[in-house]
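**Q** Those protein sequences? They're chains P and Z, same order as listed. Per my numbering, the first sequence starts with residue 1, numbered consecutively. Per my numbering, the second sequence starts with residue 1001, numbered consecutively.
Think of the hints as simulated: they come from the structure by calculation, not from any bench. Mixed in with the good hints there might be a few duds.
[What the hints assert, rightly or not] Below 25 Å or equal to it, Euclidean Cα-Cα: the simulated SDA-like pairs (lysine to any residue) are:
id, chain 1, residue 1, chain 2, residue 2
1, Z, LYS1025, P, LYS418
2, P, LYS453, P, LEU297
3, Z, LYS1025, P, TYR367
4, P, LYS257, Z, VAL1018
5, P, LYS257, Z, GLU1021
6, P, LYS459, P, GLY211
7, P, LYS443, P, ASN364
8, P, LYS459, P, ASP340
9, Z, LYS1025, P, ASN404
10, P, LYS257, Z, LEU1014
11, P, LYS371, Z, LEU1014
12, P, LYS257, P, LYS443
13, Z, LYS1025, P, GLN369
14, Z, LYS1025, P, THR28
15, Z, LYS1025, P, ASP261
16, P, LYS459, P, GLU374
17, P, LYS418, P, SER296
18, P, LYS257, P, ASN404
The primary structure of each chain is shown beneath.
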Amino acid sequence: MGTVVRYVFLAAAACFVIGLHLMNSPRTARRGNTLSAAAMAVAIAATVVLVVHDGTITTTGWLVLVLGAAFGSGVGLYTARTVQMTAMPQLVSVFNAVGGGAAALLAIDDIVLALHPGVLGARSTVPGALDILIGGVTFSGSVIAAGKLQGIVPSRPIVFPGARPLNLALAVLFVSSAGWLVADPGSTAAVVVLTLAALAFGTTMVLPIGGADMPVVISLLNAFTGTAVGMAGFVLDESALIIAGALVGASGGILTKLMADAMNRSITGIILGGFGTGDTGPAAGADANDRVRSVSLDDVAIQLAYAAKVIVVPGYGLAAAQAQHELGELAEILEEHGVDVSYAIHPVAGRMPGHMNVLLAEANVPYPQLKEMEEVNPEFPHADVALVIGANDVTNPAARRPGNAISGMPILDVDRAKSVIVIKRSMGHGYAGIDNELYTDPKTGMLFMDAKKGVAELKAAVRTFVGA
Amino acid sequence: MNLDLQTALTVFVLSVLVGFEVISKVPTTLHTPLMSGANSIHGVVVIGAMLIASTAHDVLGYVLAFVAVAFGAMNVVGGYVVTDRMLHMFRARGDGSRQRSTDTKTTSEAKG
């Protein structure tokens, strides 16, 4: 029976890979997810069969199993159904937390209760210690990250005196307790110390990281969760967990690298706390204000209505103002009027990888209009109007020059469009805290308005002009 | 089937490589669903949680098993449902409007 179940697990793992493979196109992605979910359901059913067949489970054990599954599924289903798309990063963080937490618990259970007394030793305790360590760090780190994203924990970097020595002490503590565990397998005290050190380290690791770096942090914690699950697979001798964990670890790793590259920052730099990443910078000086050209709503509406090609550059400010639906409708009116509309999406637009695409998809924007940075940059010189809403640092031409905070960061070539319109509430700075040279470009017009109000009024004005 | 450490490591390393290969082809448009889909996959940890529930025989064991099963179940169910919800929103040009025009046609036909 055990062998049959293992083959089922292997088939499920193969379906996970195929499911992920189908994610490479929006046409097949949904089928991929369904395949993966079906494989998971079969694997879980097979586990139930295995548990019944083994017959070691007590009545209380069944009760625990059923109640735990019902409670977890209920909470998961409810949150998944009701969550706002803007809150996806928080939800993914919470799932990272529970996944990492569960993985750590498996190892704790295995070591403390000596599930496999015969095989304990370096064979089980090295991955076990790693599992508890990575799982614990992921759990507390993800909870803090979710809190920051939800606004329960301040999203500004929280630094306190002595943070660095504390982190160092925690690192020494978990390395030594892991060593202790390997030397003395089954030591409950070592498990407790290791768990607490890991939880504390996760907290102090994420607290000093600012809001702008969240896409990197979420990806990194995702990679950690995968690795922790993989380690749990080593502990429990389950290849299904090893394969699934490795897949997720790889996916998280790739996304972490992409996000860090898109911000031109090193992963270690972010974890150790790099440049100040407050949510709002100070307002720009008076001389910058003097040189900007402020435009009226009607000017912008006319420009858009008579353009042949418009590229919209959305940033997180758009989502924060919940203006994506208005934007989708504005684009639809322009399209019906014969204007070619597309969206230029910077990899770090939003709070997690690809977040902006989901927000625009929710606002009924067809995905072929969502263009990646490499794809859209050559198109800017042909665009009559580039409409920037809620994006800042990723449009700053200063990144092409050395010697400033964003030097070398890949940017959208908005300044190469024939005309640029920026909808923005004030001349406030982006995360990098420097002036955006795009705003003082002679061909840039600034529309000083709230994103949602601005886009809604623009929609009405354009509608009047095109007579729709 | 007891995996020896060497086999387990081989499986792990090869899976990481397969993961890199498969995932690097995913377009940025789908990175959020990819991450949440990958999240559901690591919900496979629920299988481990079920196995520890099956061998639990004291209070500590039951508590650990309950929390682990609940965490894992939440991860699996929530992850797949939210990923499906997101992917449902991605549509190519025309899908939605075609739907709408068919609707209008049906209404006008009904009227006529």
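**Q** Hint by hint, note whether the structure agrees.
**A** Consistency of the hints with the structure:
1. LYS1025/Z x LYS418/P: violated (33 Å)
2. LYS453/P x LEU297/P: At roughly 11 Å apart (the allowed maximum being 25 Å), LEU297/P and LYS453/P satisfy the hint.
3. LYS1025/Z x TYR367/P: With a Cα-Cα distance of about 17 Å, the restraint between LYS1025/Z and TYR367/P holds, given a limit of 25 Å.
4. LYS257/P x VAL1018/Z: holds (17 Å)
5. LYS257/P x GLU1021/Z: holds (15 Å)
6. LYS459/P x GLY211/P: Answer violated: LYS459/P to GLY211/P is near 31 Å, above 25 Å.
7. LYS443/P x ASN364/P: Not satisfied, since the Cα-Cα distance of roughly 31 Å exceeds 25 Å.
8. LYS459/P x ASP340/P: Measuring from Cα to Cα gives roughly 16 Å; hence the hint holds.
9. LYS1025/Z x ASN404/P: violated (33 Å)
10. LYS257/P x LEU1014/Z: Given pair LYS257/P, LEU1014/Z holds - Cα atoms ~20 Å apart, limit 25 Å.
11. LYS371/P x LEU1014/Z: Violated: LYS371/P and LEU1014/Z sit about 33 Å apart, past 25 Å.
12. LYS257/P x LYS443/P: Measuring from Cα to Cα gives roughly 35 Å; hence the hint is violated.
13. LYS1025/Z x GLN369/P: holds (19 Å)
14. LYS1025/Z x THR28/P: Holds, at about 13 Å.
15. LYS1025/Z x ASP261/P: holds (17 Å)
16. LYS459/P x GLU374/P: violated (29 Å)
17. LYS418/P x SER296/P: holds (18 Å)
18. LYS257/P x ASN404/P: Roughly 22 Å separates the two Cα atoms, so the pair holds.
The structure fails to meet hints 1, 6, 7, 9, 11, 12, 16 from the earlier list, while all remaining hints are met.
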